[in-house]
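A.B. asks: Chains as they are written, first to last, in our numbering: chain A, 1 to 442; chain B, 1001 to 1250.
Calculated from the structure, these hints are not laboratory results.
Beta carbons: idealized from backbone N, C-alpha and C, even for Gly.
Don't take each hint at face value.
[As the list claims (entries may be wrong)] In silico contact screen, one side only, chain A against chain B (beta carbon under 8 Å); selected entries:
id, residue
1, R62
2, F63
3, F66
4, V87
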Amino acid sequence: MMLSGWGRYPVLDCRLHACPVPDAAEDAIAGATSLIARGNGRAYGDAALNPTHTLSMLGSDRFAGFDPETGVLTCEAGVMLSEILRVFVPRGWFPPVVPGTKLVTVGGMIAADVHGKNHHRDGSFGAHVTQLELATPDGVVTCSPDTNAELFAATIGGMGLTGVILRASFRLVPVETAYMMSETRAAGDLATAMALLAESDAWPYTVAWIDCLASAPARGRSLIHRGRHATHAELPRGRREAPRPVHDGKGVRVPFDMPGAALNGLTVRSFNAAYYARGRAASGGGPELVHYDPFFFPLDGILAWNRLYGRWGFVQYQCVLPDTASAAGLAALLDRIAAAGQGSFLAVLKRLGPGSGFLSFPIAGYTLALDFPVRAGTFALLDDLDTIVAQHGGRVYLAKDARTVPRRFAAGYPELDRFRRVRAQAGAAGRFESLLSRRLEV
Amino acid sequence: MADETDAPPAALILGATSDIGRAAAQQLAAAGYALQLAGRRADAVQRERDDLAVRTGQPVTMHVLDVTDSAAHAAFLEGLDPLPEVAVCVVGTMGDQAENERDPAKAAQVIAATYTAPAQLLGELANRFAARGHGTIVGVSSVAGDRGRATNYVYGSAKAGFTAFLSGLRNRFAGTGVHVATIKPGFVRTRMTEGLKLPGLLTASPDRVGRSIHEAVAKRRDVVYVLPVWRLVMLIIRAIPEPVFKRLRL
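Chain B on its own, in the form it takes in the complex (with noise of 0.2 Å):
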């Protein structure tokens, strides 16, 4: 007779249909996760499922939620069988600098997708792996939030805070089972930046992201920059005086 302890730990992936959230979860199922897919659409959720149930062998199941309805973060919390060891969080938004501009509703929008309603979740999470005593929560920001540029300030300034909060919530458990990870991808080649041209040295695949994700897990990773180049980046991207940078167009 199989001991319960004996199924394997679970890793929960918010925004699962993301294609870093599928890399994500594939890295974590050949490390032995069974996996907990949850995404907005239920038809494009039930495909990821069936795909990584063939794929990983891994016992998958399937959660449909909109991260931006905190009123369903409650129950779907409840439904996770059993509390999930990991939680990644692939959830956010870039929308369309330009629409954001114009339109306070869109950038209202961005701002909810990507740092307030993912942070409401995770910090439930993070209380009820607390009360555990273990568990650790990837959250998946921005070299974006590094600094805010005309270019995409919107979006940007929706990863600080959440890159802030992550930080927050680390400090917080420091010295406890609770671990928060924080990656920053930099470039990735995904459908969300498909058409757009992107420098190859500062540009990694989904699934470079994927195994950044799994060994931040691993190791208890702090900060990650996916590719080590990015670090420097924005190190002289942030020590670059406010009057200098301001007339900058990156």
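So that you can see chain A by itself, here it is in the shape it has in the complex (with noise of 0.2 Å):
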């Protein structure tokens, strides 16, 4: 059947199977030459892509075991981010990462060692797995911090290269409601931005929007988010009964792909704009209640979202630049972007922490993220993006990436040696492929 990640670009026909249970994995792998496991397909290009053996693990859902002494979680890797939300946010836990959607399952956040508002404090999810199981050609193989660290740091982030990941145990963190204390800061420019961004690393959670499209002297202009867990007694009186309720799942949902002129230069620029002006005008005031669900996943409110792009689909650039060069490397990316007057209403600037796997994308500086629409000159100004990575030290994430090259690839992820020699130990090379492996000739 044909298949994409959630950029809709690019498609390929796929033969999908089912992994109902975990052990059905095993049998898939020994019938198998190359195979992919798929999740929720919410990478954004061809990570979960393999034409002869795409392997979905939506059916291995299943909790496996928890316990409240040390909040460790354990479940099967098809287990959804959102049920996760669901079962354990009115007992007063939450997930010690979560990504911009919900929408995602436990094996997929870790294949992409996913990052969120927290990674300057707390690290990626990753970082909070304390034991994998992953089948192998070999057989199911238990990895963690301790035992078969290599293979565990191959795999976390790894995109699924090394194995199926059939279970994982991970940590959650107590939390007393399910709100969040959030309150915005506006930057009036990129400098400004990056010291509001550094001088917030005390807060749990940080983000920030920036105007892709304004020019100097507001280039970079920003709106920062800054948030953490909202306690029992800051509720007001009303909430405090039932101080942790959960997303009701409902969402509106994009009927149909919008014409591709919907969403031009223009549209965008106006759009970006209005929201900043209007951003900038609410700033500034004491912390605001709001529930996690706009908190962490305000796009997961408009379902399908990816067919506001049209057709055509759409490609996601992220990319991070260290510390040292962010400041000269992310005014560059933006003169470019500007120039080019393509841009998007969802780009985000955030400073990083350091990763965990040999492929993990997050190192410590700042990431931005945007995405584009695909049509003529789009792969261009993408390229041209990729030379002012490279040139600042920086690389790409995988699970947005579709277009990049190999060369950029191996520059910007220095462990990859290290990562293809585990690989191939545990037998996984050539057996484990995607269109994105092939692509950037893992």
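Dock chain one against chain two, each of which comes alone in its own frame, and use the hints as you go.
C.D. replies: Take a look at the structure:
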């Protein structure tokens, strides 16, 4: 069947097989010359596409155990983050790291080593995994930071290329309420935005929305959002009786593909200007109480929002630059984007800490994420962005990528050779493959 | 000190590894029942036990039972502690109609697994409920039992028998503390129907069936068509005169 990632580019005819129980993965591996596991298809590009055998883990979605003393949850790889929230928030537990959507699987979060708004303090999802079970051609291997540590480090952020993740254990964190205390600060240019993000490091969760089309002197103007879990005492009286309601799972579905022309430089430019003006007017006040759902997952409320970009799909571009090169590098990236007049509603700037796995995306520095509808000129622009990223010692995020080239990828990920060695030792090289791994010659 | 009456009432799920059994278990646990999960394969029941224990926070026990092994029924029932307040039976198999026509042994297996064995077990459970004075039995039957059709009459006839058995049991215990509910789900999107083309308006999710099962328990319903449209559909199908019906290809 025709499959794609969340960006709907590229689309590939894949044989999709189901893995209804974790044990079935071993038979799938034995019967396939080449395969890749797939979660909920939220990686944007070609990470979970294999034409001969794409193994859907969505049926392997059972919880296996929870220890209320330590907060360690063990579950199968197909369990959705939304389900973990639904089950555990009412009991006062929250996932240690959540990405920008809750519609992802545990296996997917580990394979992409996803980061969240708390990365600068708490690291990526992989940093909280205490153990995982990996199906390899040689059988099921248990790995953790202490046992089979190299295979563990290769699997965290390894894009499914070391084997099929069957189960994982990770620590949840206690919360008193389902609400966040959140505040917004406006920054008129890039230097102010970066300084504000760095200053906000004491906040558990920080992120900035950045207007990628504003040019100097307003280049890089941003709204910095920072937040923390609200305590019970901070709730208004009316909410203290039921302090931990979960998301309701309802959303508005985008019913059809938007015509490509609806999203052009002009509409995005006016939206961004209005959004910034509104945000600046509202900023500066004290923290406000918001539910975790709009705080962490604003786009989940618009189901199938990827259709907003029209039928040709879109590519998301996310890169990270090391701390020292960030100011110059981000300025160069924003100049190139503004010059092209192509930008997106959703552009995000965030400070990251160091990563966990060999191919994990995060390094200490600043990450910029934005999406572009696929049209003439888009790929040339992205190639230019790649060049700027390389010049500044940065890298692109594999879970978002659909088009970079082996040379750029290898230069950005210095632990690639180590990854290759461990992958080969596990018998995984050439067995676990995706369109991405072939494209980037992993 | 917790009094014994503080322990939550238990709900027994026969066929707990099926999609409908699992959905029913979740609904009943959310309503405050402890769970007793019974199924044929130990590893599969264990998987659901672990999942439901985490998911619901309720006490969950597991019981390995092949319902068609009637010799095992007595020991199984003795092992239930406590005797459940609710028993939901989701046991049955469609088999393959063409195979059922060719091979009488296969047909007999379908009939045993869908009708005779579950009826035997529920009959014994009903006796124990009656001796205690209260309890609810929920049998998940099928609209396939409402009229025999060429495409699935072996399974359909077994469900017809099961429906009649539940109806008789309900009649026998009317006015006592023992209640019997019959659930007719219509088409359900489950592993059993995976790959079949199902009409959307007539097809329920396992979750929807689970909610109907809980509602039948809570409100002491008798016969429930999970999607009300099925009551009308089957009324029409049953009303078609046999000389006409026999020529139809439904």
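A.B. asks: Take the shortest C-beta to C-beta distance between V87 of chain A and chain B; is it under 8 Å?
C.D. replies: holds (6 Å)
A.B. asks: Does F66 of chain A pass the interface hint, meaning its C-beta sits closer than 8 Å to a C-beta of chain B?
C.D. replies: OK, holds: F66 of chain A within 8 Å of chain B, min 5 Å.
A.B. asks: Report holds or violated for the interface hint on F63 of chain A, using the least CB-CB distance to chain B and a cut-off of 8 Å.
C.D. replies: holds (4 Å)
A.B. asks: Grab the minimum C-beta distance from R62 of chain A to chain B and call the hint holds if it beats 8 Å, violated otherwise.
C.D. replies: At about 4 Å, which falls below the 8 Å cut-off, the nearest Cβ of chain B leaves the hint on R62 of chain A intact, so it holds.
In summary, the structure agrees with every hint in the numbered list given earlier.
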